[in-house]
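J.: Below, each chain spelled out in residue letters.
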Amino acid sequence: MQSKFNLPKITRWVLLAVWGLFAIFPVYWMIITAFKKQRDIFQGPFLFPFLDFTPATQSWERVFGQDRDDILKGLGNSLLFSSVSALIAVVLGAFAAYGLARYTYKYGPYRNNDLSFLIVSQRIMPPIVAVIALFTMFRTVGLIDSPFGMILAYTWFNLPLTVFILTDFMKRIPLDIEHAAAIDGYKKFAQIWKVVLPLAMPGLAAAYLLSFFFSWNDFILALMLTFQKSSTLPIVITNMSAQMEPRWWLISAVGILAIIPPMLAVIVLDRFMERQVLHGGTR
Amino acid sequence: MSSVKLEALTKKYGDNLAISNLNLECQQGEFIVLLGRPGAGKSTTLKLIANIEELSSGNIYFNDQLINNIPTENRNVAMAFESYALYPHWTVRKNLEFPLKAPGRNIPAAEQEARIRRVAELLEIAHLLDRKPSQLSGGQRQRVSLGRALVRPASVTLLDEPIAHLDARLRHSLRGELKQYQREQNATTFYTTPDYVEATAIADKIAVLIDGQVRQFATPEVVYDEPADIEVATIVGDPKMNILPLAPGATRLEINEAWLQLPPLPPEAGYIGIRPVNIQIFENAHPYAIRGTVYVTEPMGYEQVIRVEAGEQLLNIKTLLTTGTFSIGQTVWLQPDWTTIHVFDRSGQRLKGGFH
Amino acid sequence: MSKIDFWVKPAHARLAALGIVVLLLTSLLGACGDAATPTSSAAVTAGAGQAGAKRFDGQTVTVAVGSFMSSGVNMFKADWEKKTGAKVQVVEIPFGDLYQRLYTSFSTGAGEFDIAIYASNWIPEFAQANYILNLEKYYPEKTNWNDVVDKTKKLMYVNGQRYSVPLDGDVIIGYYRKDAFENDQNKAKFKAKYGYDLAAPTTWQQYQDIAEFFTGWDWSGDGKPDYGVLEAQGPKDVGPFIFSARAAAYAANPKTPGSLFFDPDTMEPSINNPGWVQALKDWIAIKKYGPAEMATYGGGTMRGNFVAGNYALALDWADVGVQAQDENSSTIKGKLGYYVLPGSKKVWNIKTKAWDESSEVNQAPFLGWGGWHGSVAAKSKVPDAAWDFLNYLDSTENSLKAVTTPGTARNPYRTQHFENPQLWADSPTKYMDAGPYLQVLKQSNSLPNTQFDLRIPKSGRYSEVLDNWVQQALAGTITPEEALNKAANDWKQITNEAGLEQQKKLYRELEGLS
Amino acid sequence: MKHLLIAPPLLFFFAISVIPLLFTLGLSVTNTSIGGSGSFIGLNNYAQLFSDQFFLRGFLNTILYVVLGVTAQYWLGLGLALLVNSMVHGKRLIRLLILLPMMIPPLIVGFVWQTLLDSRYGPVAGLFTGLHLKPVPWLTDPTLGFVSIVIVDTWQWTPFMFLLLFTGLRTLPKEPFEAARVDGASSWRIFWDHTFPMLLPASIAAILLRSIESFKLFDIVFFITGGGPGGATNTLTLLGYFTSLRSGNLGYGAAMSIILLLTVVVLATLILIVVRRLMARADKAGQQALDQFLAEPLPVKVA
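Chains as they are written, first to last, in the numbering used here: chain A, 1 to 283; chain B, 1 to 356; chain C, 1 to 514; chain D, 1 to 303.
Extracted from the complex, chain A is given alone in its bound form (with noise of 0.2 Å):
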């Protein structure tokens, strides 16, 4: 639409193209490695199934095997703990958002660029040393090993994240706007809940796939703060992995699993995010 680079497009395609390859090809690699004997693998290089090698589905018998009910623990998890955490994560730091967005705040000497910099600051500890007091807060108030804890702390995790990418957009919605549906009669959380919240739908798309990508691929958390019960696919295939015998045909296997939820994520809010909102509201 507005910014349309003007390439020829044959340009943009190969330019699409090349990149394409350069993204595809590694999960190109590891979905073929998934039907692999091992020794396929180290054998290698072989690119084409039945020309290379003959696929094998050892590993798919361990996924529906052995390890069945492993994986199914630690996918189900993942995905209760993601995708929960990163809607609360979203909704509170839209709301959060929203409001560094429209008032001034004042806490003694903290304005909102200080109350932004306290939340955003959380993001740059690193959690490799922070998880040993977390451990330890964790276990004191008796939320290691529990859904509730895991989401508690992915929702810590990327609230920050959701705070610092939805203040930009919540900055864009036109006040006028907010102020019509005032006029039309509604309470503000009623204004945020039904207008503002809508508009700013492309922020709240990108913040939740970030905020579920993030707590998908966490490793640490998980370790430190799950025994068992909670565990989640990162750690089942860590779990699984390579100390031992490289079993990269079985992790691939589960690497295939472990992307169709994100996907299946990114294939939902995809349309919000695409979703020129703001236009035609305004003059």
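In case anyone wonders, no lab produced these hints; they're calculated from the structure.
Any given hint might turn out to be false.
Derived DSSO-like pairs (lysine-lysine); straight-line CA-CA distance at most 30 Å [as the list claims (entries may be wrong)]:
#1 B:K132 to A:K187
#2 A:K171 to D:K174
#3 A:K229 to C:K401
#4 C:K353 to C:K281
#5 A:K9 to D:K91
#6 D:K2 to A:K106
#7 B:K132 to A:K188
#8 C:K505 to C:K486
#9 C:K83 to C:K401
#10 C:K442 to C:K77
#11 A:K229 to C:K381
#12 C:K54 to C:K142
#13 B:K5 to B:K352
#14 B:K101 to D:K134
#15 B:K101 to A:K171
#16 C:K82 to A:K73
#17 C:K82 to C:K381
#18 D:K2 to B:K94
#19 C:K224 to D:K134
#20 A:K9 to D:K174
#21 B:K5 to A:K187
#22 B:K352 to A:K188
#23 C:K154 to C:K401
#24 A:K188 to B:K12
#25 C:K442 to C:K255
#26 D:K2 to A:K187
#27 C:K353 to C:K492
#28 C:K193 to D:K174
#29 B:K94 to A:K194
#30 D:K174 to B:K132
#31 C:K187 to C:K142
Derived Cβ-Cβ restraints for the label pairs, each shown as a range [what the hints assert, rightly or not]:
#32 C:M432 to D:I41: 22 to 28 Å
#33 D:L11 to B:N21: 33 to 39 Å
#34 D:G42 to A:L47: 56 to 62 Å
#35 A:V18 to D:S186: 22 to 28 Å
#36 A:L264 to B:D167: 58 to 64 Å
#37 B:N63 to D:P173: 38 to 44 Å
#38 D:P173 to B:M1: 36 to 42 Å
#39 B:G29 to D:P173: 36 to 42 Å
#40 B:S56 to D:L60: 54 to 60 Å
This one's a predicted model, so the numbers in the text were calculated from it and none came from an experiment.
A virtual CB, placed ideally from N, CA and C, is assigned to each residue, including glycine.
Got chain A sorted already, so can you dock chains B, C and D onto it with the hints?
T.: Positioned in the frame of chain A, the structure of chains B, C and D alone reads:
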């Protein structure tokens, strides 16, 4: 459907005074036009009434009740924004529905539908109900915005230049219908515009806003015939009134080696104003007329506006097209109708009394 | 705009923020302390008196285990549960994080685990800290204790008391490609080039010769040039164990027992003596006989690669032998030969500060990492059941089943495991030629100069430091001498931090010097 | 009301973030280690850090990763966002494919690239030998190892930039672009005069967040090179992890984390000062254009 009283409204943005000591009182059901140039404080006044902007000081009464502390959503005001402020994520129908469905309104579904129909027909947007704002033209959006303000009963309806971006035909037809509609609804309406023609056409009363103050608040006729000061006089009327400075104690007007005898004026008179329609123009030399050169001509339908350079003055003259054809650079003769002049003192205030 | 301003805010504002934070925190912590009175108590010992009830009815035993060891536990879980009425909950912990997770869990309060299954190297540290139970009171009921290999037995004692149940035996051995070694053409060529017969190497020099010989040409017949050697030289992996195993031949002098890592009299690190330096030089020298990526391979990658078939020599625990039997991974089933780690004819003597040379080869097999052992957590509410489960895992029958099943990570550690190759051939592994394999393992476990790994507290830190510096030398950024001197310096610092006398006492005890 | 809005993140800050921060600060002045109690040693850990060549190398690496990686990711992400934004067909699928690398669990990313780049069984090496070139030692040469990490990081995280910039693009108003197009401006000019400045807030958010994440770069290095060869690809978080959690030297590891934290704050501040300059300039240019646009055309005297 309230009477409205604005008492000493003041709005400051930092050190800038946007509205200073603004007073206004109107009856229930009146159609008030706030007329003023851009930046005069029209929109701000509406926003203060709606409580979108916070008052710096002053009081607002609806039906003689002080409502300063009542939040926007409970004031029961309707408003059409200059920026339209449509909900871009909803269809036109949902946009119109939204105020009807607000908590506490309890409007039956059938009535909602009827109101939407009625407004959509009035504004000629019935065929657009299922579109989203981004699929509308600018004019269509403005009509939706206006529709959203009109669709529901409100204590006060605030319309911020609601038809400014419509095409001429619609603008014209809507003026009348809008007024009619609001009268039917018995709605108190505040309407802003910089266009005096529109203001006169639609207003029960015009409030002329200059520098955040009401300079004159009266019926359109009074504002036109008896402008309170030079600034009001120049805002009201198109093309604007010719203002000629007078030398102290002057008894005649001298322009281009000719002079015209003035009617008797009070001694404090500093300026006279003559509306463009009150100057006759002749192609040939004429007694009791001053000479000038045509600077530019603008035909406007059956009329024309001619600007004439006369001495140091650039005078606007409005006359019928049939008066003659004038070309740039042509020498013409002008004759004011002294019975219609307005007289202002040195500070620009109108001097009372007729000089006809 | 606004987003930017906060970064350039004067510092005092943020300092003040920190002040507030501290205040809040202290009050918060106080509140937590009051609120967190433990309410969960052990309601598990009930049921013991009920007639007809099974022994551990209603009890739950939670087992923490390093990830890839879990199947060696899981396979016996159901049977034991049926037998005793208890429940077993297996908690898998990613291998690399096991130490830290066990430690945090042990040290920070009510234990999540009743049983920990972990490296025997950590037994002394956990025992000293009283994190694990002294098992002496249970051992009398153990019937198959005597059968455990001697070296493995020693791993379990701290202060003369047993703290663990053995589940695994870890010793590093050598592998070679029998098919390539037995090829007549190769034999002839090798003899012509090096002047001695091609056979499993007995010294590191031979090892290097063989590696050189098999590098750069296609002796495996797959159309691509092959390599002489594959070892796990990658950083942050098993490198320190492999390197120590190589150093033992040069630095574990039978005349000065217990001096491989430290001078037991002074706790002066030995790792920068000429013996270790020689081992490091050797290790660097074989780089060119392996693929370039060998520098990044950890143990797992190395195994997968080796059994896929393009390498003549390798060093590893017993695992390569097992993995080679799996034809999904391996092209070398039946083509594998084994040898006790090569030795050296000169050994450094830390007392005389000279090489002791002899015509005899000094062989010093290395018990790297020490093997999986199980301990009962000191805070376990169900110690009896926990012991019973561990004992069940180590029963004569079960242990044999475990060590012969692929993927359990349990390697032979009982005399009986070594004695009947036919059992291996009949097991799920379908081990081909188990005889020589078991022979070499048994021998490596029982040579008089077989060396223990470093087992004193902070062993993880010692080996991380060693790894860091050795990696530098491998990458060629510093010389071997420099690297090991720096490592030795860091070791001194670690020892001092942990308390030199304390470390020395324990080191001597664990090396059997007292 | 307004206080309620920002209460949750602030609450999280005080309830969860501050404790680990203080805990880490506290640890960093002791010699606490797993398997032993610690005592106060003042700033010794910090002093030691600055003579620790692994730390110094890791520190330098971390900064280079951020600078190179984030720069590459930003421009690539922006380019992709513009390309996709201008597409009419197939956008959905393309977006999904572009986002794909971000969805893959870190351990798998590690092994995929490790095998891809392996000179023996990796297809990249296969490509090179196919072209009769010598295999490139992607992972075993210190410099190339470093470059490889940047490439993988870029592969995985360019989608992050893309996502934020693309959604940013979708909320820009249409009118200035239409006006500029009517004025006959070239795509290039439109980009520099309008798109880029208007996208700056979104860009800053994206760059800042990505930088913060990049400073914590861990899993890619961990799974691909383990910091090797010879520490050439180490990062501070990787060192912190091994120091604290693997070898249990908590005090020293905590000191590393604190230094990392300070570095991020300082560098982020610097980045933002520069960006703010840029933005101020862009604002000024925009303001001038606007002024010109608003100024009424002066009445032309026709002589």
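J.: State for each hint whether it applies.
T.: Hints versus structure:
Of the pairs offered as hints, the one joining B:K132 and A:K187 holds, with about 24 Å between alpha carbons and a cut-off of 30 Å not exceeded. A distance of roughly 17 Å separates the Cα atoms of A:K171 and D:K174; the hinted pair therefore holds under the 30 Å criterion. Restraint check for A:K229 and C:K401: the C-alpha separation of about 29 Å stays at or below 30 Å, so the hint holds. Between C:K353 and C:K281 the CA atoms are separated by roughly 19 Å; this keeps the pair inside 30 Å, and the hint holds.
Between A:K9 and D:K91, the direct Cα distance comes to roughly 14 Å. Compliance with the 30 Å bound is thereby established for this hinted pair. The hinted pair formed by D:K2 and A:K106 meets the criterion: a straight-line CA distance of about 11 Å does not exceed 30 Å. In summary, the hint linking B:K132 to A:K188 is supported, as the alpha carbons are separated by about 24 Å, within the 30 Å threshold. For the proposed pair C:K505 and C:K486, the alpha carbon gap of about 24 Å is at most 30 Å, so the pair holds.
Distance restraint check for C:K83 and C:K401: the Cα-Cα separation of roughly 18 Å lies within the 30 Å cut-off, and the hinted pair is therefore satisfied. At roughly 29 Å between alpha-carbon atoms, C:K442 and C:K77 fall within 30 Å of each other, so this suggested pair holds. For the given pair, A:K229 sits about 20 Å from C:K381 by alpha-carbon distance, which is consistent with the 30 Å threshold. Only pairs whose Cα atoms come within 30 Å are accepted, and C:K54 paired with C:K142 is accepted, the gap being roughly 20 Å.
Our distance criterion of 30 Å between C-alpha atoms is met by B:K5 and B:K352, whose separation comes to about 27 Å. In summary, the hint linking B:K101 to D:K134 is not supported, as the alpha carbons are separated by about 73 Å, beyond the 30 Å threshold. With a C-alpha separation of about 27 Å, the suggested pairing of B:K101 with A:K171 holds against the 30 Å cut-off. Among the hinted pairs, C:K82 with A:K73 is consistent with the structure: their alpha-carbon atoms are about 24 Å apart, no more than 30 Å.
Proposed proximity of C:K82 and C:K381 is supported: the alpha carbons are some 20 Å apart, at most 30 Å. Taking the CA atoms of D:K2 and B:K94, the gap is near 28 Å; set against the 30 Å cutoff, the hint holds. For the proposed pair C:K224 and D:K134, the alpha carbon gap of about 15 Å is at most 30 Å, so the pair holds. The straight-line distance between the Cα atoms of A:K9 and D:K174 is roughly 22 Å, inside the 30 Å bound, and the hint therefore holds.
Between B:K5 and A:K187 the alpha-carbon distance is near 25 Å, which keeps this suggested pair within the 30 Å criterion. Proximity of B:K352 to A:K188 is assessed by CA-CA distance (about 51 Å); at most 30 Å being required, the pair is judged violated. For a cut-off of 30 Å, the pair hint linking C:K154 to C:K401 stands: about 24 Å separates their Cα positions. Pair hint A:K188 plus B:K12 holds up; C-alpha atoms about 24 Å apart against a cutoff of 30 Å.
Between C:K442 and C:K255 the CA atoms are separated by roughly 23 Å; this keeps the pair inside 30 Å, and the hint holds. In summary, the hint linking D:K2 to A:K187 is supported, as the alpha carbons are separated by about 13 Å, within the 30 Å threshold. Under the criterion of a C-alpha separation no larger than 30 Å, the hint pairing C:K353 with C:K492 is consistent with the structure, at around 19 Å. Distance restraint check for C:K193 and D:K174: the Cα-Cα separation of roughly 79 Å exceeds the 30 Å cut-off, and the hinted pair is therefore not satisfied.
For the hint pairing B:K94 with A:K194, the CA-to-CA distance comes to about 12 Å; that is within 30 Å, so the pair holds. For a cut-off of 30 Å, the pair hint linking D:K174 to B:K132 stands: about 16 Å separates their Cα positions. The suggested pairing of C:K187 with C:K142 is violated, with an alpha-carbon distance near 51 Å, which exceeds 30 Å. Checked against the given bound of 22 to 28 Å, the beta carbons of C:M432 and D:I41, roughly 57 Å apart, lie outside it.
The hinted window of 33 to 39 Å between D:L11 and B:N21 is violated, with their beta carbons roughly 45 Å apart. Taking 56 to 62 Å as the suggested C-beta distance range, the pair D:G42 and A:L47 conforms, at roughly 58 Å. A beta carbon spacing of about 24 Å between A:V18 and D:S186 agrees with the range 22 to 28 Å that was offered as a hint. Judged by the Cβ atoms, the range 58 to 64 Å given for A:L264 and B:D167 is violated: they are separated by roughly 48 Å.
At roughly 41 Å, the beta-carbon separation of B:N63 and D:P173 lies within the given 38 to 44 Å, and the hint holds. The given range of 36 to 42 Å is respected by D:P173 and B:M1, whose C-beta atoms sit roughly 38 Å from each other. For B:G29 paired with D:P173, a C-beta distance near 39 Å keeps the hint of 36 to 42 Å intact. In this structure, B:S56 and D:L60 meet the distance hint of 54 to 60 Å, their C-beta atoms being roughly 57 Å apart.
Hints 14, 22, 28, 31, 32, 33, 36 from the earlier list are contradicted by this structure; the remaining hints agree with it.
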